[in-house]
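Turn these sequences into a full structure, and let the hints steer you where they fit.
Protein chains in written order, with our numbering: chain A, 1 to 486; chain B, 487 to 815.
Worth double-checking, as some hints may not be accurate.
List time: in silico SDA-like cross-link candidates among lysine to any residue, alpha-carbon distance up to 20 Å [said to hold, decoys possible]:
#1 A/Lys-3 - B/Trp-782
#2 A/Lys-335 - B/Leu-566
#3 B/Lys-550 - A/Pro-10
#4 B/Lys-550 - A/Ala-7
#5 B/Lys-550 - A/Lys-467
#6 A/Lys-3 - B/Ala-632
#7 A/Lys-321 - B/Glu-775
#8 B/Lys-550 - B/Leu-540
#9 A/Lys-3 - B/Val-531
#10 A/Lys-456 - B/Trp-782
Footprint (simulated), chain B over chain A, 3 or more residues, beta carbon under 8 Å [unchecked claim]:
#11 4-12
#12 17-29
Since the hints were made in silico from the structure, they are not lab data. Being a predicted model, the structure only gives us computed values, none of them experimental. The C-beta atom is built at its ideal place from N, Cα and C for all residues, glycine as well.
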Amino acid sequence: MTKFEYAPAPESRSVVDIAPSYGLFIDGEFTEAADGKVFKTVSPASEEVLSEVAQAGAEDVDRAVQAARKAFEKWSALPGAERAKYLFRIARIIQERSRELAVLETLDNGKPIKETRDADLPLVAAHFFYYAGWADKLDHAGFGRRTTEGHSGANPRPLGVAGQVIPWNFPLLMLAWKIAPALATGNTVVLKPAETTPLSALFFADICRQAGLPKGVVNILPGYGDAGAALVEHGGVNKVAFTGSTAVGKAIARQVAGTRKKLTLELGGKGANIVFDDAPIDQAVEGIVTGIFFNQGQVCCAGSRLLVQESIQDELLDALKRRLSTLRLGDPLDKNTDIGAINSAEQLARIKALAETGEAEGAERWSPACELPSSGYWFAPTLFTNVTQAHTIARDEIFGPVLSVLTFRTPDEAVAKANNSQYGLSAGIWTEKGSRILAVANKLRAGVVWANTFNKFDPTSPFGGYKESGFGREGGRHGLEAYLDV
Amino acid sequence: MPTSPKLSAPLEQGGAPTTPAFADVTASDSTLRRFLHGLPGVDAVGLEARAASLGTRSIKTTAKAYAIDLAISMIDLTTLEGADTPGKVRALAAKAVHPDPTDRTTPRTAAVCVYPDMVATAKAALAGTDVKVASVATAFPAGRAALDVKLADTRDAVAAGADEIDMVIDRGAFLAGDYLKVYEEIRAVKEASGAARLKVIFETGELSTYDNIRRASWLGMIAGADFIKTSTGKVSVNATPANTLLMLEAVRDFRAQTGVQVGVKPAGGIRTTKDAIKFLVLVNETVGEDWLDNHWFRFGASSLLNDLLMQRQKLATGRYSGPDYVTVD
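If you want it as structure tokens, here you go:
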């Protein structure tokens, strides 16, 4: 018992009305799966069943793609300014319903309400606002043919139907990253949310109806990997966009190879967060915490490898451990919760197995004193020290609240170690020296390099990977290209 | 602290008036400058983001009741006006002892804070209570006077019975890089304060950068401050969550390095219960419960008290009573 014990401060569950069952969203209507299959979605914090959801199969994928094909003709022919109106409307409805959606996302995903309220939902709305603004400016986005005389050729054109498969870590935000640019550029969409987090995508389907979006422009197919594979394979799909594991990404790349489909992949990562001895230490500690414990570390661009200059290792780790002891783990709906639940039993098992590998390979494990709830899927924030490049936990993506701490002696060594990874999605640099930031950032092979901050997202900034972290960029002007025939 | 020189010997507990372990640091202007400029930098964006994120803590029911009483007990109830009279000071003293006349369970404030010439009046009015008398001194608020004058000002306040002295640093000297002068002055005032606890006001709004605030914090602590305090309340930017968080980090690190605990006092601009609770959350999650006590944390405030009392009444009765149910002074 501490002196200043925070009383429970739960966000009200009653702001969201979850129906006992949901259908697939095809051609503007909610419908059952052709084979009548359903699956249950549970709250990872309590294992309570939230709803029963129709499970899409190959036949449903076909129906949805047909609907999207049909809708594409009119949608792509609309003036950009008209498409923008729908996107602005969707963005505003998301803002109006953000409290409801935040609670829903927290229930279905397990992440703290603090994050859905302050990060996920504001970013979702911002993404739609941002791409709404591009819809009538595509001719000026720098794409399309241009002769040497500067005479304009054909303007960039939409691709057609986009088949999109998204992960469970930021269900609604990943939907926004996929759908907003696709619609702004005149494509129509069939999207498959992850099987553990289908609800916010289904609420988004309702928002599309509320916004009066023409039927078939957005189709949502909850389901498992087989539905995703059927979607990727479907001949009526012109563009495949996938965010998820590197293993599945590779399978998709093989599937799509030899077809005319355009592909973008946003896959795993093992981000290096590099702390130099001249760093602003207190802020670096915050950045390390944000880097690996934001969303329980279930973030593809997580700063899961801490590279700390050996000369300040002890001080930094003391400060970091002190800070981790103040993290509040528990009920994700409590407004004071910092660390929520792991999304699924399967993911929890994977995190546990990799953490055990870390110990077995001789790394030193540490967690703050921390009581885990008795039901649901939970993992305490964990640090591993004495980690080297040879350890599995320094190479494999854990996708959980587990930080591997490595040391370096010189800036060159830091860069070499940071780049020594199969991945290349994100990196962070902590130093008060501006010239060092510029020099190191230029040498890092990572899609996003943060300087004196971490896990900062903005719809205006392109996001994507090097190496096995994928290809293509989402966000910013660059994000338009993935959905345009240029 | 990663880049600061290692100390030769740890200090003893209890806030000795001078801190011999820093003798090599304060040996000359250049050693002192090297030490202060060797402290880790502060990233302004990150500092403010952390302060803002702690500001989103939701403090309800029992936690709120605890925080309100704690905040009341931490107030240095302040009047620092040219128009201060004995009557005004006596009224303030009475309020410090019984903040809410309708509820005698309301905690007392920590202290009453006045100008030196009002110390005797305040002391008499508070006789027999444990409410302290704090006096500003050293040509408050500008601090633009000769050292002799500042010391005389301090001695007057102490002679009149002040339990605590709130001095201002010479911001001009600090900004000119004359750190040793600032240091010597604090030490001299500390000596003149005798048994009174010394709060050192940096006027963070005039120091302007967070790097300066961190340097001033260490300078003050090395010179023997019992408390470090943000502001006089007389400039446009006073206490903020970010500058207070930074000073809390400084006292935390100073104790870790020397064993000496130093108090923190944000002052000026904290007017609502909501604000006060945010500061208490900063204390709780930065330095912990060792500082959750009015010996180590204070609020320099005047109007804050009435808002705390109204919120306290609301928690007790379920109704919001309004400004006619708290006393005006």
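For a C-alpha distance cap of 20 Å, please report whether B/Lys-550 and A/Lys-467 respect it. Not satisfied, since the Cα-Cα distance of roughly 51 Å exceeds 20 Å.
B/Lys-550 paired with A/Pro-10 [C-alpha distance capped at 20 Å]: holds (15 Å)
Pair hint A/Lys-3 and B/Ala-632, alpha-carbon separation not exceeding 20 Å: Roughly 45 Å between the alpha carbons, so the hint for A/Lys-3 and B/Ala-632 is violated.
Decide if the proposed pair is consistent with the structure: B/Lys-550 and B/Leu-540, CA atoms, cutoff 20 Å inclusive. Holds, because 15 Å separates the two Cα atoms, which is no more than 20 Å.
Do the alpha carbons of A/Lys-3 and B/Val-531 lie within 20 Å of each other, as the hint requires? Given pair A/Lys-3, B/Val-531 is violated - Cα atoms ~30 Å apart, limit 20 Å.
Would you mind confirming whether the straight-line C-alpha gap from A/Lys-456 to B/Trp-782 stays at or under 20 Å? Cα-Cα ~36 Å, so violated.
Within a Cα-Cα threshold of 20 Å, do B/Lys-550 and A/Ala-7 meet the stated pairing? holds (8 Å)
Given hint B/Trp-782 paired with A/Lys-3 - CA-CA distance at most 20 Å: Measuring from Cα to Cα gives roughly 14 Å; hence the hint holds.
Would you mind confirming whether the straight-line C-alpha gap from A/Lys-335 to B/Leu-566 stays at or under 20 Å? Distance of about 39 Å is beyond 20 Å: violated.
Coverage criterion applied to the region 17-29 of chain A (partner chain B; beta-carbon cut 8 Å; 3 residues): violated (count 0)
Does A/Lys-321 pair with B/Glu-775 here, judged by a C-alpha cut-off of 20 Å? This hinted pair holds, its Cα atoms lying about 17 Å apart.
With a Cβ-Cβ cutoff of 8 Å, does the region 4-12 of chain A contain at least three residues near chain B? holds (count 6)
In summary, the structure is inconsistent with hints 2, 5, 6, 9, 10 and 12 from the numbered list given earlier, while agreeing with the others.
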